[in-house]
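Fit chain S with the ligands to the known structure of chain U by using the hints.
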Amino acid sequence: MKALEIKGLRKTFRSNFMLKKYRVLKGIDLEVERGEIYGFLGPNGAGKTTTIKCVLGLLNADGGEVLVEGRPVAAIDSRRCVGFLPENPYFYDYLTARELLTFAASLFDLPPPAVRERIGALLHRVGLSGREDLKLRKYSKGMIQRLGLAQALINDPDLLILDEPFSGLDPIGRKDMRALIFSLREAGKTVFFSSHILQDMEMMVDRVGIILDGVIRRQGKLSELIARSTQYYEVACTGIAEGRLAQIQSNYAVRDGHYVLTLASDADVNLVVESIIHNDGRIIAVTPVKMTLEDIFFSEMRNGQ
Amino acid sequence: MRTAVKGIALNTFRESARNKVFYLLVFFGVLFALSSKLVSFLTLGDAMKVLKDTGLAAIHFFSALIAVFTGVNLVYKEIEKKTVLNILSKPVSRDQFIFGKFLGLALTMLVALAVMAGIFFVFVALNGGGFDPAIALYFLMLLLELLIIVAISLLFSSFTTPILSFIFTLSLYLIGHVMWTYNEFKVVLKAPLWRGFARFLYYLLPNLAKFNIKNEVVLGTPPGAWTVLLSILYALAYILALLCLTILIFRRREFS
Ligand SMILES: Nc1ncnc2c1ncn2[C@@H]1O[C@H](COP(=O)(O)OP(=O)(O)OP(=O)(O)O)[C@@H](O)[C@H]1O
Ligand SMILES: [Mg+2]
Chain U
40 MKALEIKGLR KTFRSNFMLK KYRVLKGIDL EVERGEIYGF LGPNGAGKTT
90 TIKCVLGLLN ADGGEVLVEG RPVAAIDSRR CVGFLPENPY FYDYLTAREL
140 LTFAASLFDL PPPAVRERIG ALLHRVGLSG REDLKLRKYS KGMIQRLGLA
190 QALINDPDLL ILDEPFSGLD PIGRKDMRAL IFSLREAGKT VFFSSHILQD
240 MEMMVDRVGI ILDGVIRRQG KLSELIARST QYYEVACTGI AEGRLAQIQS
290 NYAVRDGHYV LTLASDADVN LVVESIIHND GRIIAVTPVK MTLEDIFFSE
340 MRNGQ
Chain S
10 MRTAVKGIAL NTFRESARNK VFYLLVFFGV LFALSSKLVS FLTLGDAMKV
60 LKDTGLAAIH FFSALIAVFT GVNLVYKEIE KKTVLNILSK PVSRDQFIFG
110 KFLGLALTML VALAVMAGIF FVFVALNGGG FDPAIALYFL MLLLELLIIV
160 AISLLFSSFT TPILSFIFTL SLYLIGHVMW TYNEFKVVLK APLWRGFARF
210 LYYLLPNLAK FNIKNEVVLG TPPGAWTVLL SILYALAYIL ALLCLTILIF
260 RRREFS
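So the sequence lines, in the order shown, correspond to chains U and S.
Reading the first sequence from the start, the letters are residues 40 to 344 in our numbering.
Reading the second sequence from the start, the letters are residues 10 to 265 in our numbering.
So here's chain U without its partners, still in its complex pose:
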């Protein structure tokens, strides 16, 4: 069974008087395996939040199928083993962090005495120790984001759905959030998070789904998407006369006092390296230059237009 399975999910918004239709999701297909970190990547307005809200039953889809741990969204029990951090979360500002988590626990039918210790541990885990009894109106944006994660973890969920978890976090906060997400995977949890920040994705995810304009354009293991796409090789060398080098390979540049040659395929690498050595040159590095997620992302964007 998959942690999350979405097939042909469609969603249309209507303007107030039903005059105008906005087709936001045009048939989303994606699968999240258990125990993986899945990155849901897409530009602003692509439909990430809308998809997530359909998964949680906050929006009613027009069509398609969504299974959360094998259960349809219509069953409220499908949310029993799910944790959710909304985009720009907001919590009752008249509560303290501890009160909010106690309330969140009650929604899972966990009575206050049963969760007292768990709440302390969670607040510590997200780095809010010492602020447990401060009213949330005095919390900063980053603190709210951390608290949002804590409330998403209150039921020890198997699947975590995080909508833009890094937004509003400073570099330390981002690092903490990353470490936390990794530790969740370590513990066998599934993490599904949306973002439009490529670096976050590239650093963390096992698999990625790229959504553009309401359609999943690319889905797969990040390592495969990237491995399949070595673009070229760079050979850095020094000590060779420039005239000789130009004879070996006309396509070179000077960088940091070295010559850097660009080769299209690995077949050329051996030949070129041999010639350089033969001409008293010194090889400094041979680097395969792979496509980054960014390249993949932008090439999909271009294809879409």
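Calculated from the structure, these hints are not laboratory results.
Even glycine gets a Cβ: it sits at the ideal position worked out from N, Cα and C.
Please note: incorrect hints may appear among the correct ones.
PhoX-like, lysine-lysine: derived pairs with alpha carbons at most 25 angstroms apart [said to hold, decoys possible]: (1) S:LYS91 to S:LYS15; (2) S:LYS86 to S:LYS29; (3) U:LYS174 to S:LYS58; (4) U:LYS177 to S:LYS29.
A few chain U positions that, by computed beta-carbon distances, are all more than 12 angstroms from chain S [unchecked claim]: (5) ASP202; (6) LEU219; (7) VAL325.
Chain S with the ligands alone, transformed into the frame defined by chain U:
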């Protein structure tokens, strides 16, 4: 009852209890009730009767205001500020959410009324009056009325803005208190269609006047047990119908 429903109810109560406007309204209710002493100086007749009459009217007015104000605000705020996402993304049904909200509002009204009633009883005692069980009955009936108002405001705020909900709820409250005009109206209306329509409205709209037994209580002729029982049943049925309607609307709502 599910812990979740209890949690929502208690949190709703806590929200009102940490709201300054709530205290302000309770404070004014008490203030105006106490100022009935002044009125009793200024008017002729039985001072104690005037005191009770004016005091209870003040409490009625302000508690109704609290009911409309809290009922209209709480659900709307929850949707507008998106805190509802944190609830409905957990294993809580829409029905349970509405039910929990209603219970929390009911608890809020119970506490607000208990405070005002308690102070009023002490006030009456300080002015040489004894404990009048009829006044306790008055407060019970008032509580039923407040619960209906709260349920009405909950219904409106489940699909419209606070301003409109406020206007609608207040209108229904006012109409609910002039229901006695129906009998006079009936005589004026000749065409059976109009009579039918008036009759329909009569049964559809909340008959809140039923719960206002101030005059009877002050004059020492409180309604009998049978009338009280009927009023309680009427209130329960009306609230249940309102809650069902609210839930039906809320089930179809989307939260984006
Ligand atoms: N209630 C609504 N009514 C009409 N259109 C909506 C509604 N909610 C969202 N949309 C539209 O749906 C599209 C997708 O929105 P969505 O919030 O899912 O994007 P997103 O991928 O999460 O973007 P971001 O990265 O900015 O959060 C947008 O064009 C938005 O305007
Ligand atoms: Mg979004």
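Here's how the hints hold up against the structure:
1. S:LYS91 to S:LYS15: Satisfied, since the Cα-Cα distance of roughly 20 angstroms is no more than 25 angstroms.
2. S:LYS86 to S:LYS29: Given pair LYS86 of chain S, LYS29 of chain S holds - Cα atoms ~16 angstroms apart, limit 25 angstroms.
3. U:LYS174 to S:LYS58: The hint is violated at about 47 angstroms.
4. U:LYS177 to S:LYS29: holds (18 angstroms)
5. ASP202: violated (10 angstroms)
6. LEU219: holds (19 angstroms)
7. VAL325: Holds: least Cβ distance 50 angstroms, greater than 12 angstroms.
The structure fails hints 3 and 5 (numbered hints given earlier, in ascending order).
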